[in-house]
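**Q** Protein chains in written order, with my numbering: chain A, 353 to 742; chain B, 353 to 742.
These are calculated hints, taken from the structure and not from any lab test.
The structure displayed is predicted, hence computed values, not measured ones.
Some hints could be false.
Said to hold, decoys possible - In the DSS-like style, the derived pairs of lysine-lysine whose C-alpha atoms are separated by at most 30 Å in a straight line are:
| # | chain 1 | residue 1 | chain 2 | residue 2 |
| --- | --- | --- | --- | --- |
| 1 | B | K544 | A | K544 |
| 2 | A | K544 | A | K487 |
| 3 | A | K735 | B | K544 |
Stated by the list, open to error - A few chain B residues facing chain A, derived, Cβ under 10 Å:
| # | residue |
| --- | --- |
| 4 | F411 |
| 5 | R558 |
| 6 | S565 |
| 7 | S621 |
| 8 | P648 |
No residue lacks a Cβ here, since even glycine has one placed at the ideal position from N, Cα and C.
2 protein chains.
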Amino acid sequence: MAEPVQESAGAPRLEADDDSVRVVWPEGHESRFLYYWLRENCHCSACTHPDAWERTLDFLAIPIDITPSSLTGDAAGLHIEWPAHEASCEGSFYSWAWLEAHRAEREARLARKRRPTSWQGDDFSKASVAVDYSKVMETDGGLLELLAHVENTGVALATGVPADEGAVLTLAQRIAFVEESHFGRYFQVESKPHAENLAYTPNALRPHNDLASRRYPPGIQFLHCLRNDVTGGDSVLVDAIACAEALRRTDDCAFEILANCQVTFASRSPDWHIVNRATIIDVDEDGDIVGTRLHPALLGPVDVEPDVQMDFYRAHRELLAIASSTEMQYRFRLEAGECQVFDNRRILHARSSYDPASGHRMLQGCYVCRDDFMSRLAVLRRKGREFREI
Amino acid sequence: MAEPVQESAGAPRLEADDDSVRVVWPEGHESRFLYYWLRENCHCSACTHPDAWERTLDFLAIPIDITPSSLTGDAAGLHIEWPAHEASCEGSFYSWAWLEAHRAEREARLARKRRPTSWQGDDFSKASVAVDYSKVMETDGGLLELLAHVENTGVALATGVPADEGAVLTLAQRIAFVEESHFGRYFQVESKPHAENLAYTPNALRPHNDLASRRYPPGIQFLHCLRNDVTGGDSVLVDAIACAEALRRTDDCAFEILANCQVTFASRSPDWHIVNRATIIDVDEDGDIVGTRLHPALLGPVDVEPDVQMDFYRAHRELLAIASSTEMQYRFRLEAGECQVFDNRRILHARSSYDPASGHRMLQGCYVCRDDFMSRLAVLRRKGREFREI
Numbered sequence: 353m354a355e356p357v358q359e360s361a362g363a364p365r366l367e368a369d370d371d372s373v374r375v376v377w378p379e380g381h382e383s384r385f386l387y388y389w390l391r392e393n394c395h396c397s398a399c400t401h402p403d404a405w406e407r408t409l410d411f412l413a414i415p416i417d418i419t420p421s422s423l424t425g426d427a428a429g430l431h432i433e434w435p436a437h438e439a440s441c442e443g444s445f446y447s448w449a450w451l452e453a454h455r456a457e458r459e460a461r462l463a464r465k466r467r468p469t470s471w472q473g474d475d476f477s478k479a480s481v482a483v484d485y486s487k488v489m490e491t492d493g494g495l496l497e498l499l500a501h502v503e504n505t506g507v508a509l510a511t512g513v514p515a516d517e518g519a520v521l522t523l524a525q526r527i528a529f530v531e532e533s534h535f536g537r538y539f540q541v542e543s544k545p546h547a548e549n550l551a552y553t554p555n556a557l558r559p560h561n562d563l564a565s566r567r568y569p570p571g572i573q574f575l576h577c578l579r580n581d582v583t584g585g586d587s588v589l590v591d592a593i594a595c596a597e598a599l600r601r602t603d604d605c606a607f608e609i610l611a612n613c614q615v616t617f618a619s620r621s622p623d624w625h626i627v628n629r630a631t632i633i634d635v636d637e638d639g640d641i642v643g644t645r646l647h648p649a650l651l652g653p654v655d656v657e658p659d660v661q662m663d664f665y666r667a668h669r670e671l672l673a674i675a676s677s678t679e680m681q682y683r684f685r686l687e688a689g690e691c692q693v694f695d696n697r698r699i700l701h702a703r704s705s706y707d708p709a710s711g712h713r714m715l716q717g718c719y720v721c722r723d724d725f726m727s728r729l730a731v732l733r734r735k736g737r738e739f740r741e742i
Numbered sequence: 353m354a355e356p357v358q359e360s361a362g363a364p365r366l367e368a369d370d371d372s373v374r375v376v377w378p379e380g381h382e383s384r385f386l387y388y389w390l391r392e393n394c395h396c397s398a399c400t401h402p403d404a405w406e407r408t409l410d411f412l413a414i415p416i417d418i419t420p421s422s423l424t425g426d427a428a429g430l431h432i433e434w435p436a437h438e439a440s441c442e443g444s445f446y447s448w449a450w451l452e453a454h455r456a457e458r459e460a461r462l463a464r465k466r467r468p469t470s471w472q473g474d475d476f477s478k479a480s481v482a483v484d485y486s487k488v489m490e491t492d493g494g495l496l497e498l499l500a501h502v503e504n505t506g507v508a509l510a511t512g513v514p515a516d517e518g519a520v521l522t523l524a525q526r527i528a529f530v531e532e533s534h535f536g537r538y539f540q541v542e543s544k545p546h547a548e549n550l551a552y553t554p555n556a557l558r559p560h561n562d563l564a565s566r567r568y569p570p571g572i573q574f575l576h577c578l579r580n581d582v583t584g585g586d587s588v589l590v591d592a593i594a595c596a597e598a599l600r601r602t603d604d605c606a607f608e609i610l611a612n613c614q615v616t617f618a619s620r621s622p623d624w625h626i627v628n629r630a631t632i633i634d635v636d637e638d639g640d641i642v643g644t645r646l647h648p649a650l651l652g653p654v655d656v657e658p659d660v661q662m663d664f665y666r667a668h669r670e671l672l673a674i675a676s677s678t679e680m681q682y683r684f685r686l687e688a689g690e691c692q693v694f695d696n697r698r699i700l701h702a703r704s705s706y707d708p709a710s711g712h713r714m715l716q717g718c719y720v721c722r723d724d725f726m727s728r729l730a731v732l733r734r735k736g737r738e739f740r741e742i
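Take these sequences, add in the hints, and give me the full structure.
**A** Written out as structure tokens, the structure reads:
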């Protein structure tokens with residue numbers, strides 16, 4: 353194992369261990385980088401393809417106990433040479449900024465994590481997330497503003513959208529390609545005979561996540577209002593994270609059931625048969641609530657053991673009651689020319705019933721994959737920084 | 353609670369409890385159906401929309417301790433009347449077949465579950481999963497055969513596909529709409545300068561699941577060969593379920609790490625930034641292995657705690673070594689006019705390097721969502737049975 357060489361007084365201090373190097377940052381905290389980890393993350397053009405920016409290095413060809421032949425810190429970063437049998441590698445360089453951004457310690461990972469702010473009905477308003485359509489279409493700043501609202505609050509509202517058929521696709525494609533589903537590339541929400549979906553009736557729709565029977569329900573939903581002059585037909589938005597947090601506070605056992613017990617969701621028609629099992633509440637590895645799969649109309653038949661079914665039902669009804677409470681709901685009228693854009697994993701949407709004889713209510717909707725939506729936001733935020741350095 | 357009425361001697365016996373009815377099937381086994389469960393699954397037109405086949409019933413309006421006012425078994429099934437305050441309900445009927453198909457007991461659910469058969473290289477051959485393209489395009493039987501191969505072994509091979517550009521889309525759309533990704537609606541696999549993906553180089557590709565950095569990697573992959581007369585460029589298929597099973601047998605601790613420890617996968621380019629965390633092995637709630645997310649080129653930087661990183665790396669390398677062993681791999685030459693169709697969650701694919709100066713190798717590929725693929729298979733299997741009765 354080589355002794356580290358410190359070439360620059362202002363750079364982090366290096367301390368070599370048997371299998372790793374500790375970096376003591378100027379602020380005083382330490383990070384440990386395993387030599388194997390460093391070797392695997394070599395970005396020289398023999399180890400990482402410079403255009404594809406994918407690793408070409410063969411993991412199994414690296415000795416798991418590899419140690420550097422030299423290790424040097426200068427003002428820019430850490431330079432490592434590997435033993436001669438690693439012939440193809442041109443030597444590794446890691447900037448301090450890159451190393452700091454990729455510290456593997458759990459607290460560093462948690463500090464990097466973006467956490468959304470949950471909200472209740474009173475905390476929210478259409479105006480607070482509204483962005484003008486022409487600004488979104490014509491400027492990167494306007495687009496970034498729209499996307500950031502969806503990341504933070506789960507919802508944005510584009511205003512001044514032309515009340516034209518297909519305009520929802522134009523807006524969605526400003527962000528990424530359209531995510532198709534068994535209801536098509538886009539869909540028209542209006543009352544019609546022989547509705548293959550409750551949305552296509554004038555009935556009330558209770559708060560739900562769309563297409564909950566899909567293994568991967570669609571990511572970001574766009575609902576564009578072309579016309580709305582009916583009696584009734586108000587829109588409702590609910591933050592599912594806030595609802596699940598409320599349940600966790602008031603009844604932790606119920607929360608645990610919904611976060612751990614998988615149940616079946618099903619959608620059947622003459623043309624499709626989409627059945628999957630999942631939990632009602634989606635919690636990530638750190639215990640953070642990321643969303644729900646709440647859709648009573650598509651739930652079941654519930655196939656949890658009869659002995660625990662009643663516990664499941666009580667928990668499910670508690671969450672439904674929270675999501676249905678006026679406290680949690682933001683109720684508004686979606687006007688012609690407005691398009692609501694929301695994270696379908698996080699935000700429940702609903703509508704009140706309407707009288708189809710009183711006028712017309714016509715929305716058009718589509719989806720964009722969450723990954724491609726978040727990717728667009730990340731690329732906009734780079735603002736000229738080299739993608740290889742992020 | 354009403355005493356059950358038995359109208360038909362041949363029908364299952366009914367025994368009423370406080371909160372549920374036990375059905376004693378003619379074969380002797382019993383199933384328990386909670387009254388609440390039965391009420392929730394009422395299929396009368398007031399409770400379930402007859403066209404949309406979605407529940408319109410409001411869960412919160414059902415008393416959780418509901419009991420039937422009458423409960424009658426006849427030759428066809430179970431008839432239930434609910435108390436008068438449940439005014440809108442027209443009364444419930446459940447056929448014995450439907451009840452038996454939806455028993456909630458865990459062993460009943462496990463018995464209904466389709467489990468694929470895992471395979472190693474020697475167990476597999478192109479010929480065993482080959483279906484003629486015209487048979488697939490022109491007959492439901494041919495299509496069903498293709499889809500069933502993918503369900504059972506994870507792979508099918510369409511032969512005699514026209515070696516035309518875009519033919520892969522025609523085949524995919526015979527099944528469902530095309531699942532787009534950040535590489536487009538379809539992609540061309542051939543060597544080119546400034547490749548934005550290792551597949552577009554003549555390099556070897558190690559066994560991998562495609563687009564592993566996506567939160568939901570694409571479902572079913574189609575790879576259609578238009579031309580392949582290069583030296584090298586052989587194709588490889590590996591059953592990831594068999595690999596993960598082998599790891600579980602030989603090193604259960606390594607298996608548990610890969611099934612439980614989430615790591616980051618990243619794909620970055622000037623145009624996208626797709627980063628997600630997931631486990632390497634995907635295990636369902638019953639402990640059944642459903643697939644992997646194995647893609648060393650896109651892995652990391654690995655952000656598990658430095659103290660446990662070496663355990664993670666050892667486990668990952670063990671799985672890579674299994675997937676790279678000749679024992680597990682089926683190696684073949686994908687010829688012009690053949691299209692391999694495979695489950696991207698279950699099947700790892702790879703190719704050997706080739707000499708781009710020796711000829712041409714050109715594939716076109718696309719994806720179809722797994723849900724829509726499985727839906728098509730389920731609908732074909734209905735063979736005229738009413739979807740409401742399934």
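**Q** Now, for every hint given, state plainly whether the structure supports it.
**A** Consistency of the hints with the structure:
no.: 1; hint: B:K544 x A:K544; in the structure: violated, 51 Å
no.: 2; hint: A:K544 x A:K487; in the structure: violated, 35 Å
no.: 3; hint: A:K735 x B:K544; in the structure: holds, 28 Å
no.: 4; hint: F411; in the structure: holds, 5 Å
no.: 5; hint: R558; in the structure: holds, 7 Å
no.: 6; hint: S565; in the structure: holds, 8 Å
no.: 7; hint: S621; in the structure: holds, 6 Å
no.: 8; hint: P648; in the structure: holds, 5 Å
When held up to the earlier numbered hints, the structure conflicts with 1 and 2 and fits the remainder.
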